[in-house]
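Protein chains: 2
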Amino acid sequence: MTGNKKGVCFEIALAVPKWGENRGDEREGAHCVDVLVDELRKNGLIVERDDGLQNEFIKLAASDEVIGRAAAALQFRKPTYLGMDLPFEWEEAEAFIRLPDGSLFSWCERFHCYNHIIYGIVNTAESVVVLRSDSKEENWKPGESLLLKLEAMDVVKEVFPLHDEKKRKQLLKSWAMNWSDVTHQPIDDICAYYGMKIATYFTFLGMYTRWLLFPASLGLVVQLMDFGSLQFAVLPFFFMSFISWVVLFFQFWKRKNAAISARLQIYNSASLECEYRSMKPEPSLSRFPSEHMRKQNIDRMREKANFQRQEWFTWLLRVRNDAFIILSIICLQLPFELTYAHLYEDLGTDVLKFGLTAVYLLVIQYFTRMGGKVAVKLIKYEKFDTAENKANSLVYKVFGVYFMQSYIGVFYHALLHRNITTLRQLLIQRLVISEVIENLLENAIPYLSYRFKKYRAVRNKGKRDKESSTGKSRFTRVEKEYLKPAYNASIGQEIEDGLFDDFLELVLQFGMIMMFACAFPLAFAFAAMTNITEIRADALKLLAMMRRPTPRAEETIGAWLNIFQFLIVMSICTNSALLVCMYDREGNWNLSPGLAAILVMEHVLLFIKFGFSRIVPEEPAWVKAARVKNATQAEQVCTRQLLRSLYGDEKCFDEVRSHVSKKDA
Amino acid sequence: MTGNKKGVCFEIALAVPKWGENRGDEREGAHCVDVLVDELRKNGLIVERDDGLQNEFIKLAASDEVIGRAAAALQFRKPTYLGMDLPFEWEEAEAFIRLPDGSLFSWCERFHCYNHIIYGIVNTAESVVVLRSDSKEENWKPGESLLLKLEAMDVVKEVFPLHDEKKRKQLLKSWAMNWSDVTHQPIDDICAYYGMKIATYFTFLGMYTRWLLFPASLGLVVQLMDFGSLQFAVLPFFFMSFISWVVLFFQFWKRKNAAISARLQIYNSASLECEYRSMKPEPSLSRFPSEHMRKQNIDRMREKANFQRQEWFTWLLRVRNDAFIILSIICLQLPFELTYAHLYEDLGTDVLKFGLTAVYLLVIQYFTRMGGKVAVKLIKYEKFDTAENKANSLVYKVFGVYFMQSYIGVFYHALLHRNITTLRQLLIQRLVISEVIENLLENAIPYLSYRFKKYRAVRNKGKRDKESSTGKSRFTRVEKEYLKPAYNASIGQEIEDGLFDDFLELVLQFGMIMMFACAFPLAFAFAAMTNITEIRADALKLLAMMRRPTPRAEETIGAWLNIFQFLIVMSICTNSALLVCMYDREGNWNLSPGLAAILVMEHVLLFIKFGFSRIVPEEPAWVKAARVKNATQAEQVCTRQLLRSLYGDEKCFDEVRSHVSKKDA
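Note that the protein sequences, when read in sequence, are chains D and V.
The opening residue of the first sequence carries number 888 in my numbering; numbering runs sequentially from there.
The opening residue of the second sequence carries number 888 in my numbering; numbering runs sequentially from there.
So that you can see chain D by itself, here it is in the shape it has in the complex (with noise of 0.2 angstroms):
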């Protein structure tokens, strides 16, 4: 094998299948698998096959030059030391801007060129290639890609990013394992290794982690010292005290993610190329003012009609799927898990209540994966300008199904009894059930999963040995990263990561502790708890649990933040609640039906006052789209044309030396 040099990092992992006796013979035409290799190499790729004991592993790696020609050829933008972003060419590479540690490209820009080399493998030759697996015969056609042929016929199995050791096991030690600042991480080397949208994720818990302790100290002192006859004022100026914390709390966020993607935003050049990339050019530029000015203005016209028709139409299929979402919500779910509740208070013998929550506990699994599915199959008729708006809709939709499962017992018993004494043991019950056990199976199960498919794997070789008598295949590093469980989202997992799950984790914990804390003021400190666990928890799944998640290049927090915002609004009214029927123990306050009916119309038309501008864009499409393209346009005019006279000035010269020369002639 050549290209084996030591000291080369593999990046990408293919998995295929072993062919135990079918390897040797070559007589009859290429496998497949070879003719991949080949291909691989071809293109420049640095290849080392690795023999598991279920799979083998073709390992890529790729020379700066490699990367960096398929950089060019998707047209990332990166900084340059000209002080603007400019796409890459290679020609110019010293031009650009080097990362901290001296290399070129950061992992997620890395990643991106590998799937364009790897998955960009056609048949340039004219004839068909006989791709020979264990069981059948295929025909590469000319101009198909190899890799997607491959995966059709089940011969790839996976491609799979594989893990740094060597950055892996320094971040281990400065960051999963150093437990002297709990809440301090080393956010650049986890955004060079891990990608933007991780990095975001972890600054985010640890700034809010931060600054939980602040309430989680003042419900400390709340809960446990008597302020004598100030008493009666006491929870009304925690709940001002928390509702202040969590403004300012976010809006400091805003400021953090601003300074943080304008510090990280060097790893993070591969993201804006997606944006420029689905506008096409313009196709020429006409040199005579009058006549361009003239055909655009009809060009104008048409698009501006276009565009404000195709607008109106996604307006109304999204405002139609969002009203299926909440129709079938309040329709469907409200009254589950109304029976739920209803029937647990009903109940009488602890074993019965057991029975009822166990076979509740199943049906919601099902009912939230079937939820997940419906809002995934709604967005996927919706069009969206970028992946990160189909993203964030499918967040809001399911974290419409997640709320009303959280919290809907909660608000039927507070509502229901007034009670807060059950109010407060339910709140314990269900934080410690969520955050403490789903924090448990969150870690355990990949792990248990992971040495069970060790097990097998070795129990299933230990089979074959018996059988066949080649034991040259060992139990490698790329194998048991293989088995290692992919960061996966557990609802729509073609548009999500892992990372919606952590950040439903979060959210639907921040609504608990945040619209029930008139109730139960300790929360605060129960959560900021969980959270410095949850942050090394988090760290060591992602390091040692995990297989290396495939790089985000998102800077924000997204529709997370709009729910977290929608939250604080929840609990200022439902702390507004609280405080009434905590103050109003005998009953002696009334309200008159008729107040009651003009204070709900205040709040919903508060409600559609703050909520109604999300719905309605501030910009016509049509002058989204203008401004889009004058831009683009205004890069592909200027930019290499810049590059190559700054850079490149001896070829320009040639280029008019040329011209001069011909034109004495």
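Calculated directly from the structure, the hints in this document are not laboratory data.
Please read these numbers as outputs of a predicted model, since none were measured by experiment.
Don't take each hint at face value.
Pairs count within a copy or across copies, as identical chains cannot be separated in the list.
Derived SDA-like pairs: lysine to any residue, alpha-carbon spacing no greater than 20 angstroms straight-line [stated by the list, open to error]:
#1 K1141 <-> Q1195
#2 K1141 <-> R1501
#3 K1053 <-> F998
#4 K1260 <-> R1205
#5 K1428 <-> G1093
#6 K1511 <-> R1150
#7 K1143 <-> N1193
#8 K1496 <-> V1456
#9 K1054 <-> I1074
Following the hints, put chain V in place on chain D, whose structure we already have.
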């Protein structure tokens, strides 16, 4: 006189005093006005001197080239046929998109250029030039601006833009005197003639009036029809309808505003220039990456710390000023207004009431003027990144004063008496007074003052004619325009123009009709009517009664939008309170003080939640500065070169040719 061709359109005029006798003798050196005229001619302007009755006027016009060179010096960014905005250069003028009327520059741009030229006249000689006026002689030192000097000497009384008679008459016909569809307005022409800001105002006024027709007719129906057994639900329904209407309206206004600015962008390219010019360019671009990077990193850290310090300082100053304004409104204005409202109630006879109101009106005149002055003084010490932000800050502060003044009396009556009939009377009174009378005054006072000035001028002329015998002066068009009042704001004239008063009127009317709509649904119809007259009255005022205003480039209604939004939230709360009053005629509904306290707290917290994000910016100053700097740097490197290479191939070749021949030699 040279340059006085027929058909030249003079666009700017300078008013200088007339020197009856001294004009003739030129033996003692040049008179300062003659020096000025000479210098203006030297700078390429077309100059015409016009003798008026009281003053002499220097009318200025300029050829395209003169304006173009000034535009290039000012680095106006204009759209090109390349599809991107580039700084203007006269040599590549054909690359820039022309306006629909065929000219290269909009009035707003030309006005900036005129100012740049006439204020840019400095003494380029090495010696001092003696400027002789009637009364005194002063030295014009090298490097000093002539016009500023003459303004300081009180020789140049005013620089003011002139109406373009042809276009003015066209607009008068197509706009102010066009009675066919009263909400339709030729926005493009208004933008071309008056600039973006005034066009935005009229777009808003037109759309607002058109949309007002819906709640106006709904209000009529609610007021006049009897719904039998459903009567009790009419007002809540009306409440829900007009709040939904107003929320929809402002969302669609934002869309319309975006669309209008995209369409009229071409008239408004000068607005981009300010933002960019304020950033200093990086002195030089290092060609040595690593060194450059190290230097940049240190610089960046220092800059960041600097920005953060400055940001917090500015923020603290702003909070202090706002607190000062709010406190003084609450501590000074509120008691005063309440005293008036209370006294007005207590006084028995109508004569005393009338006297009190007269005194009150006099005092609030003084009060608001003082408030405006304090606000202007306060914001002088605040730092703003754009002039628009400064204007917005003034708007917020002054609006606070007017808000108290306009509504506190109405609130007092509504809350104290809980009597809907008197409230309704008060509203009718206020609306009639504020709308009809103010509208009349607004148009009558400028007209009367203009007539008076004209009359005085003619009388003075008569007197002088008797004394001397030189009767060559006529009452010219320029002098008539000079005597017309300028389109100025009543408060903070340095920062705002006359639109301030127009918007203030609109906002106060909006608050009046929205906040008490449930008590008086007819108010919408009333407002619709007054607005229809307002559209044409304002147009007439601008076209016939006022000097041409200096063009302004603001594309949005700025701070007023936020004030409108604030008033919407206020009106949700006040209307809820009104409904409670109206449905609770017998006083049966009661609210325990504890419940009331919790409700107040809830509203305060909702207010904090939604208001706080306006106080702390989402993006740290250093991030924003870095972003702008990057863009500027990109511009500077890119554009000149690009323009040359596309439209100045010949020159480029010449340069390269000489380079090549040098190399060969």
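Against the structure, the hints come out as follows:
Only between protomers do K1141 and Q1195 lie at most 20 angstroms apart by alpha-carbon distance; the minimum there is 16 angstroms, versus 32 angstroms within a single protomer. With identical chains, the CA atoms of K1141 and R1501 are at most 20 angstroms apart both within one copy (18 angstroms) and between copies (13 angstroms). Taking identical chains as interchangeable, the C-alpha atoms of K1053 and F998 lie at most 20 angstroms apart only when both belong to the same chain, with a minimum of 18 angstroms there against 65 angstroms between chains. For a Cα distance limit of 20 angstroms, the shortest separation of K1260 from R1205 inside one copy, 17 angstroms, qualifies, whereas the shortest one across copies, 51 angstroms, does not.
In this homomeric assembly, K1428 and G1093 come within 20 angstroms of each other (Cα to Cα) only inside a single copy, at 16 angstroms, whereas the closest approach across copies is 60 angstroms. In this assembly of identical chains, K1511 and R1150 lie within 20 angstroms of each other by CA distance solely across copies; the values are 12 angstroms between and 27 angstroms within a copy. Proximity of K1143 to N1193 under the C-alpha cut-off of 20 angstroms is restricted to the inter-copy arrangement: shortest distance 17 angstroms between copies versus 39 angstroms within a copy. In this homomeric assembly, K1496 and V1456 come within 20 angstroms of each other (Cα to Cα) both inside a single copy, at 13 angstroms, and across copies, at 8 angstroms.
Taking CA atoms no more than 20 angstroms apart as the test, K1054 paired with I1074 passes inside one copy only; the shortest distance there is 14 angstroms, against 62 angstroms between copies.
Going down the numbered hints, you'll see the structure goes against none, and every one checks out.
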